[in-house]
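Let the sequences and hints guide you as you build the complete structure.
2 protein chains.
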Amino acid sequence: MLCRIANAAMIKATEKYDIGQSLPWAEVLDNLLFNSEGLIPAIAQQFDSREVLMMAWMNRESLQETLKTGRVCYFSRSRQRLWRKGESSGQIQLLQEMRLDCDGDTILLLVKQTGPACHTGRKSCFYNRVEDDKVSVIEAPLIDPASLYGKHE
Amino acid sequence: MLCRIANAAMIKATEKYDIGQSLPWAEVLDNLLFNSEGLIPAIAQQFDSREVLMMAWMNRESLQETLKTGRVCYFSRSRQRLWRKGESSGQIQLLQEMRLDCDGDTILLLVKQTGPACHTGRKSCFYNRVEDDKVSVIEAPLIDPASLYGKHE
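In order, the protein sequences belong to chains A and B.
If you use our numbering, the first sequence corresponds to residues 1 to 153, in order.
If you use our numbering, the second sequence corresponds to residues 1 to 153, in order.
Please keep in mind that the hints were generated in silico from the structure rather than gathered at the bench.
Hints are supplied without guarantee of correctness; some may be wrong.
Repeated chains share a single entry, so a pair holds when one copy, or any two copies, can fit it.
With a Cα cut of at most 16 angstroms, we get these calculated EDC-like pairs of lysine to aspartate or glutamate [what the hints assert, rightly or not]:
id, residue 1, residue 2
1, K12, D103
2, K16, D132
3, K12, D30
This structure is a prediction, so every number in the text was calculated from the model and none was measured.
Here's what the structure looks like:
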């Protein structure tokens, strides 16, 4: 818990910064608020339309790989290994910009998504709307998910 | 773990649904993939500009209250209680639409944000950009955070 407080304070220093002021990424990376599993939530947003595509998890290694290669790499909790988005479906995400929030506990990825982000073939994973005591589908697949090999990445 | 698999299967049924097909919200709520603390991540996005404002956590009660009142209510992990966004700052979020992702483990809130979403006085919490081995501030406060009582909600 002490560790968490110390981490937060380091990144929260940017609260008072003017536009253009910066911290070294290496130091920030050491102080991101990864959870007890070493993971941090990452939101993927289409860079031009600003559609929110999905939320997944990253670890230290996937953050570094993403910045190095420019192709988004998450950490799959179900498979407990690095997950290079699109490795089975071909629907990759090219990183346009990476942002951090004020507390250093969430990542925002502005991406150029190839085809659908969702394993169902839909552009976005957020295709269910809650309204009037119902949850309704509001988006159709762009392509047949069977052509994405019919499996969740 | 068996419970998690059962939950996921219920919501994943919507994968095959056409636009307009629905499930009862009460059943979906019972099967959302809350974590071991009873929480689910929620992304807040400004409904018109599509700017991603923040990420926070909700529990079952905060989801129900948000739908009932139309004002976004989170669950504060630091204070371990319901957190009606804006209760100390006055900067509230009016719900325009609530969406769920394909796995039922993340919420997307389309909101009408009053003033800044961030406790620093900035519109969005994602004001730090990672680029060229630096993390740089890219957004200025809309208002002096001291006028928000100078404290994080």
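Results for each hint:
{"no.": "1", "hint": "K12 with D103", "verdict": "within (6 angstroms within a copy, 32 angstroms between copies)"}
{"no.": "2", "hint": "K16 with D132", "verdict": "neither (43 angstroms within a copy, 21 angstroms between copies)"}
{"no.": "3", "hint": "K12 with D30", "verdict": "within (14 angstroms within a copy, 36 angstroms between copies)"}
Violated hints amount to a single one, hint 2; each of the other numbered hints is respected by the structure.
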